[in-house]
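Residue 1 is where the sequence shown starts when you use the working numbering, and the numbers rise one by one after that.
Note that these hints are calculated values from the structure, not bench results.
Any given hint could be a false lead.
[To be verified] Computed list of lysine to any residue pairs in SDA-like fashion (alpha-carbon distance at most 20 Å, straight line):
no.	residue 1	residue 2
1	K303	A49
2	K16	K58
3	K543	D314
4	K130	A110
5	K334	H587
6	K143	D99
7	K543	S213
8	K409	N388
9	K605	D314
10	K16	I264
11	K16	R377
12	K605	R595
13	K334	E357
14	K58	K76
15	K143	E247
16	K563	H587
17	K58	T82
18	K143	T159
19	K409	R443
20	K143	D133
Owing to the predicted nature of the structure, the values given are computational and were not obtained by experimental measurement.
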Amino acid sequence: MSNLNPQQYEAVYHRKGPLLVLAGAGSGKTRVITERIAALVERDVPPHAVTAVTFTNKAAREMRQRLAARLGDRAKELRICTFHALGLAMVREHAELLDRRANVSVYAGAEQRSVLRSVLQELRLPADVKQVDTVLGRISALKSGLSGGSDKASAELATIRERYDQLLTAMNAVDFDDLLLLPIRLLAEHESVLALWRERCRYFLVDEYQDSSGTQYDFLRLLVTPEGNLTVVGDDDQSIYGWRGAEIGNLFNLDRDYPGLMVIRLEENYRSTGAILTVSNRLIGHNSQRLGKELRSNLGAGKPVRVWEAEDADDEAGRVAADIVAAHAANQSKWSDFCMLYRAAYQSRPLELALRERGVPYHVSGGMSFFDRAEVRDLLSYMRLIANVDDDMAFMRAISRPRRGIGDKALADLGMLAHMRQQSLLVTCLDDDLPLQRAPVLREFGHLIVGLEHRFLHGEPDDTFDALLAETELEALFTAESDDEKEQERRMANVYEIRRWWLRHAEEGGGLADFMQRICLMSNQDEEENGNCVRLMTVHAAKGLEFSHVYVVGMEDGSFPHKNAVEEERLEEERRLMYVAMTRARHRLTLSHARQRRRYGQVEKQSPSPFLSEIGDEHVYWVDREPDSAAAVEEAAAHMAEMRRMLGLA
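Based on the provided sequences and hints, a complete structural model is requested.
Here's what the structure looks like:
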């Protein structure tokens, strides 16, 4: 306990009554809540009377492991879980009161869709995949109290929901929303159940409280009386999940519903330098909806926060990648010390290319790598085959996208014949006397590839690429497979990114064969999530993580803050999201924006994010505005020294 600061100590040893711990980023929140649970048990509170909830199974598992190491066998009686797991325990224990049996099943994904599809078909309503997903979302919103719409639509949805719930009951099942709603019903309608669970939650602790929903707050208020031993740990400045039901108002309502609430602020930050925290504090200070705190560092001032202005996305990505390579070598840092953050997943494309071109290992967290996307793999399979007619793996994917009426048996027969003749699959297809039932279709495909090969050798690069999309029918396939216009635009944007890379390569005098070699080498980079690699992720995926060097890219108005959030009057949540991004950095923070971006083939001018004007100038180094500053000279000297070292001149 001697290592706790005064505020942490006060939170850990708070005696009785409701407590709010406002825990700023990097302030030791996890340690405080774990130590508080341990202190309660060591102070003779029965472990079975302690319940702690958090928002992910991973967080709950880590908390249990820490307490097991600290408390031994006593930790086994502690109830540490998610809100939904706590609800499931209640439903199973009191199943008969809910017209269920104790072995109740939890339906999600395919099971949920199957039940709802039956309901829609029974009511003679559309039951295609898109409609089922849409109605499931509306039912979830209705159960969470977030639904709206016309009276007619609401009445129809109520009918669907009623029948859906009836089927779930008949199948002895619940969905995830029921894991909160049914326990609330139990506690509200059965006094004996309420008394039992209030005893089990005599000391009730909630981690990441800023992420709680309105339904979860209703659940909590039933379990803990206004004078009860409630501990909530959270940070109003890191509430970034409003789009999925989190309500920051739950923090502000605590002192109304728990009049004796004590508030302890954890403001000493053990993660970031003073410069990073000063800039972050200044940004979040523009929010009006906050309880207020000021993070301070115990690591010293550190280096100023850098702001870059790039020409476009390629320039931005290249600049960040080059800086990572230089810093990695100069500081003998690990690749895993570096992280690139962006507001939306599509922004990873140029960053991935820039890292791959430099041989830097990376992993895309919380999303799919650009090179793993189906449309990219489909397109590259054709380009690989055109560049190398002996590439049988590329042939197998290309001929099946689209399918062309060639089934598994026809491909197996073709493979056997090619093996006997010691030829590639494509060369075998071109045989005029091909002794196979699907010979005409196979021969047609072979001639298609040969024709495209001729185009890539002799045609204009842009016309050739467009012919590839049209003649292979890939563009039509991607359109047909897209659920809506937005998905179609996303998929074609990935295709046009490959087109742009190809044209740039062709302008430099390169051909298709060396382009594909370059792409294939890049696509074989090490991408182990837990390995020594640079991490790329959206800001939402970065919450709870930290890195020595953080680069936040795409800092333009309309991108960050996102234009949809601004239109929906969620600017303060976007500012909190930016605050989360900045406070992931331990030692070095770089913010980058571009003067122009290419969107769906059109170049658009960009304005810097308004957040950049809110961070002020103290501890900020505006790189492109101050080319002759001391910081610029120091940075240039460091890069020059690294170049000399790499060339063996140092």
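Against the structure, the hints:
no.: 1; hint: K303 x A49; in the structure: violated (48 Å)
no.: 2; hint: K16 x K58; in the structure: violated (29 Å)
no.: 3; hint: K543 x D314; in the structure: violated (27 Å)
no.: 4; hint: K130 x A110; in the structure: holds (13 Å)
no.: 5; hint: K334 x H587; in the structure: holds (14 Å)
no.: 6; hint: K143 x D99; in the structure: holds (19 Å)
no.: 7; hint: K543 x S213; in the structure: holds (18 Å)
no.: 8; hint: K409 x N388; in the structure: violated (25 Å)
no.: 9; hint: K605 x D314; in the structure: holds (15 Å)
no.: 10; hint: K16 x I264; in the structure: holds (14 Å)
no.: 11; hint: K16 x R377; in the structure: violated (59 Å)
no.: 12; hint: K605 x R595; in the structure: holds (6 Å)
no.: 13; hint: K334 x E357; in the structure: holds (19 Å)
no.: 14; hint: K58 x K76; in the structure: holds (17 Å)
no.: 15; hint: K143 x E247; in the structure: holds (16 Å)
no.: 16; hint: K563 x H587; in the structure: violated (30 Å)
no.: 17; hint: K58 x T82; in the structure: holds (10 Å)
no.: 18; hint: K143 x T159; in the structure: holds (13 Å)
no.: 19; hint: K409 x R443; in the structure: holds (16 Å)
no.: 20; hint: K143 x D133; in the structure: holds (15 Å)
Of the numbered hints given earlier, the model fails hints 1, 2, 3, 8, 11 and 16; all others are met.
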